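2 protein chains.
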Amino acid sequence: MKNVLLASTSTLYGGQYLGYLQNEARNLFNNIKEILFIPYARPSGISCEAYTFKVQSFFNMLDIRVNGLERFDDPLNALQNAEAVFTGGGNTFLLVKKLYEYNLMSTLKSKIENGMPYLGASAGTNIAGINMKTTNDMPIVYPPSFDCMGIVPFNINPHYLDPDPRLQHNGETRETRIKEFLTQNDIPVIGLREGSWLRLLHGSIKLEGYHSCRVFEKQSEPYELEPGLLPFI
Amino acid sequence: MKNVLLASTSTLYGGQYLGYLQNEARNLFNNIKEILFIPYARPSGISCEAYTFKVQSFFNMLDIRVNGLERFDDPLNALQNAEAVFTGGGNTFLLVKKLYEYNLMSTLKSKIENGMPYLGASAGTNIAGINMKTTNDMPIVYPPSFDCMGIVPFNINPHYLDPDPRLQHNGETRETRIKEFLTQNDIPVIGLREGSWLRLLHGSIKLEGYHSCRVFEKQSEPYELEPGLLPFI
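As given, the protein sequences belong to chains G and V, one line each in that order. When you read off a place in the first sequence, starting at 1, and then add 281, the result is the number in this note's numbering. When you read off a place in the second sequence, starting at 1, and then add 281, the result is the number in this note's numbering.
Read the hints as simulated data drawn from the structure, not as lab findings. Warning: the hint list may mix true and false statements.
[To be verified] Between beta-carbon pairs, the in silico distance windows are:
| id | chain 1 | residue 1 | chain 2 | residue 2 | range |
| --- | --- | --- | --- | --- | --- |
| 1 | V | Glu-502 | G | Leu-448 | 24 to 30 Å |
| 2 | G | Arg-447 | V | Ser-391 | 41 to 47 Å |
| 3 | V | Asn-384 | G | Met-282 | 46 to 52 Å |
| 4 | G | Tyr-298 | V | Glu-489 | 54 to 60 Å |
Quick caveat: nothing in here was measured; it's all calculated off a predicted structure. Virtual Cβ for every residue (Gly too), placed ideally from N, Cα, C.
Whenever a hint applies, use it, and build me the whole structure from the sequences.
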């Protein structure tokens, strides 16, 4: 049974890093003494070491030790031995490229499917989808594939943003981008707003947190789902 | 000598499609009776046919015939015979994938280097850079490479947007994204604001239009350049 929490964002406006998820993380990592942290997405280009340090500061409050994957000569072996994993946000292209480079994607998937607790935020949430084709990130590196773990039977768009009618800008809205995705792919997309997360437990998928989510499917109009059980298995 | 216009956007807020570029397009396509249009970026997923129709409506005002590339069984042959080319905006991943699929990227590059007039808007501007790794678009398809034409010796970020301090959202700013790019690549990036364009003529590159541009380079702070000749050749 999967035991997974996929958050839209690590940080809410004005809040502390992972602060709003403190109780959730405590439940997810109940009885876990040490988690493996995957730092490769490197938000704003910070080093893996600095990123791990930041994550450790949060998990100190939960009495959980954080081991950054950058500390291991053999990342695959470290992953194979992990009790629990957290993948932080940043650039999804960079994250996915590194996961393939070190041959970690399929092992992470099978450990999660076998019940290892997993926390993802932003890019770490993207990789739980079928592929990374609905990321918001800039393609700063070329990964060998866009395919991801498929821990959920859809794609996720983290940091989902509603169109802003005040904006005098010709860039595409998020909704337009996801509709473009659906002209090329037949995969549902969950637009997950900041402050919302998905919780996989007891064989079901629940939307939790402060907002409804927006669901996009090929050949139908987008619609909202309120927090609670999602009709996807 | 290259004869190229690279626009940040096709459309200004409240304006008509390509309206603000009417005089510029007239100069660029002086004495041209027919242009080849590359519609593959398909903004909002519209069909290539509908996109060509829209572009024709604009070029009617200049008495120029528009031939959409979707009308040809042999796109490479059509490109080889083109007098002038316009590549419209939309999704850069889709555009680049199709250009490689039909083997058009290198032929387009060499025709432009040999003086064929070229107009690019948004995604059509991105492909004139060294690679597409500074596009804002969603990776809805997987192109065989991110490499582009290198018509200019840098990358371009079209629709460049300054950070908005009012925004209560944790998604990355454009500046943060480009800085992430520079941790992985040593290629200058020109942030081109809507209403600005680059003009390649007489062997030089000029910034024209309504705004300064923002220049990002590895290991230095971003800076502004005013309209006029750019210090890149």
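Hints and how they fare:
Our hint of 24 to 30 Å for Glu-502(V) and Leu-448(G) holds, since their Cβ atoms are close to 27 Å apart. Arg-447(G) and Ser-391(V) have their C-beta atoms about 44 Å apart, which keeps the hinted 41 to 47 Å range intact. Here the CB-CB span from Asn-384(V) to Met-282(G) is close to 49 Å, well matched to the stated 46 to 52 Å. Between Tyr-298(G) and Glu-489(V) the Cβ separation comes to about 43 Å, which falls outside the hinted range of 54 to 60 Å.
In this structure, the one hint that does not hold is number 4.
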